[in-house]
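Novice: Spelled out, the chains give:
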Amino acid sequence: MASIAVSRPATTAPRAVTRATGESRAVRWTLIVVALSFLAFTLLLPLALVFQQAFAKGLSAYLDAVKEPDTLSAASLTLLIASIAVPVNLVFGVAAAWSITKFDFPGKNLLITLIDLPFAVSPVISGMIFVLLFGAQGWLGPWLLDHDIKIIFAVPGIVLATTFVTAPFVARELIPLMQEQGTEEEEAAIVLGAGGWQTFFRVTLPNIKWGLLYGLILCNARAMGEFGAVSVVSGHIRGETNTLPLHVEILYNEYAFAASFAVASVLTLLALVTLALKTLVEWQQRRSASQGAADNEAGSSERIAA
Amino acid sequence: MMRSKSRGVLPGFGLSLGITCTYLSLIVLLPLATIFVRTADLPWSAFWSTVTDPRVVASYRVTFGASFVAALINTVFGLLVAWVLVRYRFPGRRLVDAIVDLPFALPTAVAGIALTTLYAGNGWVGQYLEPMGIKISYTWLGITVALIFIGLPFVVRTVQPVLDDLEVEAEEAAASLGARRWQTFTRVVFPTVAPALLTGFALAFARAIGEYGSVVFISGNMPMKTEIVPLLIITKLEQYDYAGATAVALVMLIASFLLLLTINLLQWAARRRAAA
Chain G
39 MASIAVSRPA
49 TTAPRAVTRA
59 TGESRAVRWT
69 LIVVALSFLA
79 FTLLLPLALV
89 FQQAFAKGLS
99 AYLDAVKEPD
109 TLSAASLTLL
119 IASIAVPVNL
129 VFGVAAAWSI
139 TKFDFPGKNL
149 LITLIDLPFA
159 VSPVISGMIF
169 VLLFGAQGWL
179 GPWLLDHDIK
189 IIFAVPGIVL
199 ATTFVTAPFV
209 ARELIPLMQE
219 QGTEEEEAAI
229 VLGAGGWQTF
239 FRVTLPNIKW
249 GLLYGLILCN
259 ARAMGEFGAV
269 SVVSGHIRGE
279 TNTLPLHVEI
289 LYNEYAFAAS
299 FAVASVLTLL
309 ALVTLALKTL
319 VEWQQRRSAS
329 QGAADNEAGS
339 SERIAA
Chain R
139 MMRSKSRGVL
149 PGFGLSLGIT
159 CTYLSLIVLL
169 PLATIFVRTA
179 DLPWSAFWST
189 VTDPRVVASY
199 RVTFGASFVA
209 ALINTVFGLL
219 VAWVLVRYRF
229 PGRRLVDAIV
239 DLPFALPTAV
249 AGIALTTLYA
259 GNGWVGQYLE
269 PMGIKISYTW
279 LGITVALIFI
289 GLPFVVRTVQ
299 PVLDDLEVEA
309 EEAAASLGAR
319 RWQTFTRVVF
329 PTVAPALLTG
339 FALAFARAIG
349 EYGSVVFISG
359 NMPMKTEIVP
369 LLIITKLEQY
379 DYAGATAVAL
389 VMLIASFLLL
399 LTINLLQWAA
409 RRRAAA
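These protein sequence lines are chains G and R, in that order. Under this note's numbering, the first residue of the first sequence is numbered 39, with each subsequent residue one higher. Under this note's numbering, the first residue of the second sequence is numbered 139, with each subsequent residue one higher.
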């Protein structure tokens, strides 16, 4: 078997796997078919079902469900929450990554672990902690009641729970990226007389833009789609504290299946757009990385030539 | 020397660390601390009787059992999917690679109602299984199906980079020394991938024990039978049994932290091996 690979003319492009270390054609195709069937069954079937159920009662029923006032108010609340949680976590993520990757200080690893905590906690517990803090029987509950401030079963509670759940996304994406890039370029800018913000916007930001965008896309998807944490703090008041995922649940539990799946299909489209954008950003990242490597190579050969 | 120098040149250390620590304390640590403080209010005997109540213990069994089985299935198929994506070229490979992340992007409630409808007695899949006496929606199996959906990307995305970095030379050496393909896989490839596989398993398991949205629709929520721990916590909260909810949440939180610790240790060990 090995001799076949060896006797192959050297001019043909090397295959990813040579015969000596590859599987026979039959094994290869069996594995591919089994893997793809598994994925089709677990991922594509539910995806297809959402759209089939959404249009089960026809296009006009679908449009009615999507244009219904409660759905529209749920959609605008979802947008409002994402428009608060995402920018807040953007600032936090950039600040955290800047402090962790550009400076040395004791307790750095602990800080990185703490940033990851919200991912380790069940969404239900993420919502519950805000009920314990601000609920009627919570720590600050009586004080809030005296001052007529509502946080739980109101919009502020949903914003807080969503912010908690999505806190790690941007930081997590930026920390390894900026760690790899080091501090040399920024130091050069500062030494040449640039200000701090100037350095950040002109030197750091162009280097991290794709990673930043990647983190933002994932953060936004989770902020708009969060269910468990939001369900605990929302109180499910229609037209007031109902987000799109919660609206899907309410309609489903009322046996309004077609309407429920119609709203779900909107969220599914959001997920598909997220995946498409994410893939695009990954390609861009890889392209700029390989371009950077090529530039470096060209640079070094120029230096050698000189 | 390097340290004091780099801190001297770049600005913004105080500002960025200040924002980070204040934000983490207010949004993450203070709220999480309430669980520990609330539980401390509870006498030990009351805490113990709450977390060992038969209904609560039954929910641990459902949650941990289904999560374990789902993570195990994901480990097998996750390795297969990662292998196929890294090693073979076939039309649509990039599309398949992108779609693997669907469970990360799809809101859990959508996954929940879709899977429930799919596996119900009159659903696309359920209608073929029901006559055979297999019920999936509203049973323990349904919970497992939902957790397989949720956990799959964790295993694939953990194993994929390791397979990508795997040096073909080691496999070639094994082959030239006379190893059969299967032997090469079990003796050379598998040991290299094993730490990543274990990490993927732990990540999928950790996500599964906390999962709520995708499970709550399909589980049927029968106390003692198909009631998961997160739902039990919500039920207790809705009955204003804050002490009970907090006690159960603390048990789950400790389980999650132990898992997080295990995952970090696994990754640390893998990095050390890679560096060696």
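Since the hints were derived computationally from the structure, they do not count as laboratory data. Among the hints, a few may not be true.
Facing chain R, a subset of chain G residues (Cβ under 10 Å, in silico) [said to hold, decoys possible]:
no.	residue
1	PHE143
2	ILE275
3	GLU320
Glycine included, C-beta positions come from ideal geometry on N, C-alpha and C.
Novice: Is the shortest C-beta separation between GLU320 of chain G and chain R less than 10 Å?
Specialist: 9 Å, holds
Novice: Next item in the hint list is PHE143 of chain G. Is there a CB on chain R closer than 10 Å to its CB?
Specialist: Holds: closest Cβ of chain R sits about 7 Å from PHE143 of chain G, inside 10 Å.
Novice: For the hint on ILE275 of chain G, just tell me whether its beta-carbon gets within less than 10 Å of chain R.
Specialist: 15 Å, violated
The structure shown violates just one earlier hint, number 2.
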